[in-house]
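Q: Okay, here's what each chain looks like letter by letter:
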Amino acid sequence: MDGIHDLGGTQFMGPVEQPERNGPTFHHPWEGRIFAIGALSQTRLSGANLDSFRFAIDRTPPVEYLGLPYYNKWLRMAETLLTESGVIAPGAIDARVRKRRGEKVEEPPVPELNKPDYKPTAGGSLRQIDKKPKFSVGQRVRTIDSHTSRHTRLPRYVRRRVGTVTMVQPAHVLPDTHSVFLGENIQHVYKVEFDSTELWGQEAEKFAMNLDLYEDYLEAA
Amino acid sequence: MAVQTPAYGTMIPQPTEFSPQERTEALEEILTERGLVTSQVLDGLIKTYEQDVGPMNGAKVVAKAWVDPEFHARLLADGTAACAELGYKGTQGEHIIALENSATVHNVVVCTLCSCYPWPLLGLPPSWYKNPAYRARVVREPRTVLAEFGLELGPDVEIRVHDSTSEVRYLVVPERPAGTEKLSEEQLAGLVTRDAMVGIEKVAAGRRR
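Sequences listed follow chains A and G, in order. In this text, residue positions in the first sequence follow our numbering: the first is 1, and each later residue adds one. In this text, residue positions in the second sequence follow our numbering: the first is 1, and each later residue adds one.
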């Protein structure tokens with residue numbers, strides 16, 4: 001999806017944030033709570049997977065996505081996955097907030113569970129496949145012209161660009177289909193190096209840009 | 001009235017007037033009273049990432065690579081296996097590649113699409129790494145971004161930026177600073193910073209963490 005999360009190359013973003021040294025992992029207790037609830041929501045509670053987790057974060061409302069606090073994105077992710085899997089009803093969280101504030105409010109009833117009909121073939125995202133890699137180290141490849149409305153790991157800034165395969169990585173499940181339970185689509189992943197001028201024009205700073213790209217994202221150049 | 005559940009991949013969260021803190025407390029209450037989570041399980045997860053998993057893990061890997069040439073070779077050849085030797089593996093560290101910085105090559109890591117990060121080695125990502133400005137800019141003007149962090153690289157240094165777009169996770173092995181020849185492996189680990197292992201600073205001979 002062409003969402004707000006796909007930030008690579010966006011200009012006029014202002015200065016970087018200076019690192020905090022020896023800062024705490026969580027700056028407020030609720031951040032730790034939603035991290036833990038989010039981690040459990042992703043799989044155990046909702047029946048989803050790591051790629052659906054990312055797709056849910058991608059769908060954070062844009063203004064909230066760019067703003068702070070960061071862990072609001074985890075809250076929105078948990079809300080989305082738990083609602084889509086029928087663990088909680090739409091609006092259930094805000095209704096509970098009102099009730100806790102002492103307002104008279106009718107909470108929505110607990111919906112029917114709607115967990116995805118999905119079982120991973122193994123743990124994690126890496127898999128073995130017998131199929132030979134389509135591309136080899138040193139080969140020139142072009143990224144596809146993607147316009148998907150689903151989750152994808154092919155960022156906008158690198159679409160329709162030519163680079164060189166520098167490494168064949170372990171095979172992965174394909175996030176595009178896996179995130180919406182349309183199959184693991186196990187495939188090879190390639191480390192591809194792009195010249196900065198291929199991405200940003202002749203005036204760009206000179207550097208090598210590397211991305212790990214799924215076989216479906218590439219064609220021979 | 002039956003509750004309508006949105007189909008997978010279609011829900012767009014609605015605006016809310018309530019703070020994330022209040023909403024988190026409400027969600028925890030809902031899940032706890034239905035027996036779906038317990039306070040103890042949440043506490044355990046929080047404690048793990050507050051106390052047990054963090055940049056001290058990656059620092060041990062780097063220090064070992066600095067003092068042990070065989071481990072160094074194994075780390076660069078198969079980062080996953082070498083880190084597993086020290087017990088660092090699992091969630092967000094399924095496949096680890098070590099990238100070595102030198103006087104002429106500087107690697108820096110980002111995740112432009114979210115905030116993928118090698119959890120078993122470095123813990124949860126810091127705020128600056130998740131910040132939109134870093135994610136947007138380091139893939140377009142890395143030299144400028146690094147200078148903004150205080151790292152000025154000479155024109156002869158080749159910069160390699162790595163966008164974590166798959167489940168491969170990257171550990172930058174910074175250069176061992178001069179003047180540390182007499183330090184023990186443990187003392188060296190104390191010098192290695194989180195930010196040097198992502199690639200936005202160098203390791204200094206004096207402790208500054």
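For the record, the hints were derived by calculation from the structure and aren't laboratory data. Don't take each hint at face value.
[To be verified] Cβ-Cβ distance ranges computed for the label pairs, FRET-style:
{"no.": "1", "chain 1": "A", "residue 1": "Arg142", "chain 2": "G", "residue 2": "Glu186", "range": "35 to 41 Å"}
{"no.": "2", "chain 1": "G", "residue 1": "Glu185", "chain 2": "A", "residue 2": "Tyr70", "range": "22 to 28 Å"}
{"no.": "3", "chain 1": "G", "residue 1": "Ala7", "chain 2": "A", "residue 2": "Gln18", "range": "38 to 44 Å"}
{"no.": "4", "chain 1": "G", "residue 1": "Ala73", "chain 2": "A", "residue 2": "Arg142", "range": "33 to 39 Å"}
{"no.": "5", "chain 1": "G", "residue 1": "Ala77", "chain 2": "A", "residue 2": "Asp117", "range": "37 to 43 Å"}
[Claimed, not checked] As a list, the in silico EDC-like pairs of lysine to aspartate or glutamate whose alpha-carbon atoms are at most 20 Å apart:
{"no.": "6", "chain 1": "A", "residue 1": "Lys115", "chain 2": "G", "residue 2": "Glu25"}
{"no.": "7", "chain 1": "A", "residue 1": "Lys99", "chain 2": "G", "residue 2": "Asp156"}
{"no.": "8", "chain 1": "A", "residue 1": "Lys206", "chain 2": "G", "residue 2": "Asp156"}
[As the list claims (entries may be wrong)] Which residues of chain G face chain A? A few of them, derived with a C-beta cut under 8 Å, are:
{"no.": "9", "residue": "Met11"}
{"no.": "10", "residue": "Ile12"}
{"no.": "11", "residue": "Ile30"}
{"no.": "12", "residue": "Ala84"}
{"no.": "13", "residue": "Glu85"}
{"no.": "14", "residue": "Gly87"}
{"no.": "15", "residue": "Pro126"}
Only a predicted model underlies this, so the values are computations on that prediction, with no experimental measurement involved. For each residue, glycine too, the CB sits at the ideal point set by N, CA and C.
Q: Work down the list of hints and note, for each, if the structure agrees.
A: These are the hints, each one checked on the structure:
{"no.": "1", "hint": "A/Arg142 <-> G/Glu186: 35 to 41 Å", "in the structure": "49 Å, violated"}
{"no.": "2", "hint": "G/Glu185 <-> A/Tyr70: 22 to 28 Å", "in the structure": "34 Å, violated"}
{"no.": "3", "hint": "G/Ala7 <-> A/Gln18: 38 to 44 Å", "in the structure": "43 Å, holds"}
{"no.": "4", "hint": "G/Ala73 <-> A/Arg142: 33 to 39 Å", "in the structure": "35 Å, holds"}
{"no.": "5", "hint": "G/Ala77 <-> A/Asp117: 37 to 43 Å", "in the structure": "41 Å, holds"}
{"no.": "6", "hint": "A/Lys115 <-> G/Glu25", "in the structure": "24 Å, violated"}
{"no.": "7", "hint": "A/Lys99 <-> G/Asp156", "in the structure": "63 Å, violated"}
{"no.": "8", "hint": "A/Lys206 <-> G/Asp156", "in the structure": "11 Å, holds"}
{"no.": "9", "hint": "Met11", "in the structure": "5 Å, holds"}
{"no.": "10", "hint": "Ile12", "in the structure": "6 Å, holds"}
{"no.": "11", "hint": "Ile30", "in the structure": "6 Å, holds"}
{"no.": "12", "hint": "Ala84", "in the structure": "14 Å, violated"}
{"no.": "13", "hint": "Glu85", "in the structure": "19 Å, violated"}
{"no.": "14", "hint": "Gly87", "in the structure": "17 Å, violated"}
{"no.": "15", "hint": "Pro126", "in the structure": "6 Å, holds"}
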